[in-house]
Amino acid sequence: MGMMDEMMESMIGGMTKEEKQEIMSKMMEKFFSGMTAEDKQKMMEQMMPKMMEGINMAEMMPRMMMGMMGANSGGTPMGMMSQMMGGGQAAGTPMMGHMMTQMMPQCVSTMLPGLPKEERVDFVLKMISTLLDGASADMSEKEKNDLVARALERITA
Numbered sequence: 002m003g004m005m006d007e008m009m010e011s012m013i014g015g016m017t018k019e020e021k022q023e024i025m026s027k028m029m030e031k032f033f034s035g036m037t038a039e040d041k042q043k044m045m046e047q048m049m050p051k052m053m054e055g056i057n058m059a060e061m062m063p064r065m066m067m068g069m070m071g072a073n074s075g076g077t078p079m080g081m082m083s084q085m086m087g088g089g090q091a092a093g094t095p096m097m098g099h100m101m102t103q104m105m106p107q108c109v110s111t112m113l114p115g116l117p118k119e120e121r122v123d124f125v126l127k128m129i130s131t132l133l134d135g136a137s138a139d140m141s142e143k144e145k146n147d148l149v150a151r152a153l154e155r156i157t158a
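First residue of the sequence shown? That's 2 in this note's numbering, and the numbers climb one at a time after it.
In short, the hints are calculated from the structure, not lab data. Beta carbons: idealized from backbone N, C-alpha and C, even for Gly. Don't take every hint at face value.
[Stated by the list, open to error] When the alpha-carbon atoms are kept at most 25 angstroms apart in a straight line, the in silico DSS-like pairs for lysine-lysine are as follows:
hint, residue 1, residue 2
1, K18, K51
2, K27, K43
3, K51, K21
[As the list claims (entries may be wrong)] If you anchor each label on the Cβ, the simulated ranges turn out as follows:
hint, residue 1, residue 2, range
4, M25, C108, 21 to 27 angstroms
5, M128, E10, 17 to 23 angstroms
6, G135, G55, 30 to 36 angstroms
7, M25, H99, 36 to 42 angstroms
8, E120, E10, 37 to 43 angstroms
9, V125, M100, 21 to 27 angstroms
10, M100, G15, 38 to 44 angstroms
11, Q42, E120, 26 to 32 angstroms
12, A158, M9, 50 to 56 angstroms
13, L153, L116, 21 to 27 angstroms
Construct the complete structure from the given sequences, taking the supplied hints into account.
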């Protein structure tokens, strides 16, 4: 065991899970303070494969998203979703909606190639249904039909 390993073991060896999480949060704030977005991205590209070994992202992502939504909503999932969908910090700024429209296409295109064919098919069908149902929630029947027609046009193009 090297000197750094020994020092780390003596520092964190007796800590509880909660203490480790608290110190990690504080350390990360200081660690990333002088980095550019490009520096952080390069670091993530190197670290993520190691960190993600054995992690089920389908279970973890919703919890992470809820954690990132903040505590200003009373801490309940519905309160957080309401805050994010309704504006977050600034009234009239649908923060969550905008963030998801930017992130989801990239996430999906990155994730899909790694899934087995059957899971990809199931996922695509579920997402299409979810997207069409959600997008057409307040639409007239004609608007819904137009949306489906546009979606089919794009899919078959």
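Do the hints match the structure? See the list:
With a C-alpha separation of about 20 angstroms, the suggested pair K18 and K51 falls inside the 25 angstroms cut-off, and the hint holds. This hinted pair checks out: K27 and K43 have alpha carbons roughly 21 angstroms apart, not beyond 25 angstroms. Our distance criterion of 25 angstroms between C-alpha atoms is met by K51 and K21, whose separation comes to about 19 angstroms. Checked against the given bound of 21 to 27 angstroms, the beta carbons of M25 and C108, roughly 24 angstroms apart, stay inside it.
With their beta carbons about 45 angstroms apart, M128 and E10 fall outside the hinted range of 17 to 23 angstroms. About 32 angstroms separates the C-beta atoms of G135 and G55, a value consistent with the hinted range of 30 to 36 angstroms. Against the hinted window of 36 to 42 angstroms, the Cβ-Cβ separation of M25 and H99 comes to about 29 angstroms, which falls outside the hint. Under the hint 37 to 43 angstroms, the C-beta atoms of E120 and E10, about 40 angstroms apart, fit the expected range.
The given range of 21 to 27 angstroms is respected by V125 and M100, whose C-beta atoms sit roughly 22 angstroms from each other. For the pair M100 and G15, the supplied restraint of 38 to 44 angstroms holds, since their beta-carbon distance comes to about 39 angstroms. At roughly 28 angstroms, the beta-carbon separation of Q42 and E120 lies within the given 26 to 32 angstroms, and the hint holds. Separated by about 55 angstroms at the C-beta atoms, A158 and M9 satisfy the suggested range of 50 to 56 angstroms.
In this structure the hint that L153 and L116 lie 21 to 27 angstroms apart at CB holds, the actual value being about 24 angstroms.
This entry does not satisfy hints 5, 7, going by the numbered hints stated previously.
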